[in-house]
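K.L.:
What follows is the residue order along each chain.
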Amino acid sequence: MAEPEILTIEELIRATETMVELPGLSKELGVRKIRVRRLGRTEYFGLLPPLPTEAEDWPADEFQARERAWLESIGPDELEGRRQALRDLDFRIVAKASLEPALTVDQARRLGDDAAVAALEILVFSRLRKPAAAVEATPDAAAETPGDAP
Amino acid sequence: MLPRFHLPITLGDTARSVLAADVLTGVFFAGFPNTVPLTECFDRETAQGKAGLQAGLEAWIDGLLTRVVVQPRLTLELVHRLGDARDELVTAYLRAIGWADEPGREAPTADGPLLVPARLEAEAVMMPARIAMALPAPNIRHALRLTAKRAYTPPHVVWTQWFISEFVWSWRVLLTDALLDRDGFHPELN
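Chains A and B supply the protein sequences, listed in that same order. The first sequence begins at 1 in my numbering and counts up one residue at a time. The second sequence begins at 1 in my numbering and counts up one residue at a time.
Just chain A, with the same shape it has in the complex (with noise of 0.2 Å):
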């Protein structure tokens, strides 16, 4: 049997672009949008603060109540680490996949809200989040998703 064709960087590259709008400066500027690209599982997940490993076992529809009794268990400087990482989330997802302009986390900042809007795009395109629409139709869904979880 034949075997597929080989994938070319060129294709990869194609398949894992995408431009992105930012709907604050589009109303300013006429339509801004930044050429980003997609994150990896590993890089997302490097980006967040960690649960305890026995959170992959906590069942879906417990997870939440599981999730705030850890957090009431843990230090204040630990929970303030956390928010702290949490409150940059956005930007630093920005930072990593934007491409053109390439932006670092400070620049990614004076995104504003555009900056929440497009971390979930990247996020959605990542296939590391879901649609809103999906979640929406499906309420156990956020529970599931890993973007979800801290």
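This list has only true hints and no planted wrong ones.
Listing some non-contacts, in silico: residues in chain A with all C-beta distances to chain B over 10 Å:
#1 27
#2 28
#3 64
#4 76
#5 82
These stretches of chain A come out as covered by chain B in the derived footprint (C-beta under 8 Å, 3 or more residues):
#6 4-14
#7 36-49
It is worth saying that the hints were derived from the structure and are not from the lab. Since the structure is predicted, the reported quantities are computational estimates derived from the model, not experimental observations. Just so it is clear, CB atoms sit at the ideal spot from N, CA and C, and this is done for glycine as well.
The hints should help you fit chain B onto chain A, whose structure is shown.
P.N.:
Same frame as chain A, now just chain B:
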């Protein structure tokens, strides 16, 4: 040593393949964590230890694909772009070298456009000094010692001269039966 072989990959709806190589044992295990999920050693770790090992395993998978896929050559960033296809590739690779069995599925084949032998051999036996000289994690060192002892060869020969398919095959032939056979006691397996 296996000839180069195709690994299937799906990007969107498009079926493609990449060409992969059997690599030296040290190249394969570079950066491999001391233990992995679904093992007794892993279960004994603390929550923090487990998280670190899991992250180490994910990073090793990313790095492995940069080392074993020869066409197209993948950088770490390109591996990150693969998304779910990354897991598809690494599973197929582990099946091809005999590490993982998947009943009912054939291992990837080698009937593709192979490179000319001279180039193939020159590339295949190159091992960066940082890998050749780095000591692997304790459990991998233990596995190397056992295999080398049974094969009457020094461990560094296994690390720097055996291909990973040869290591896996030899491990199975020399050691797996003994490890599984609790009554068949072998002092060196303790």
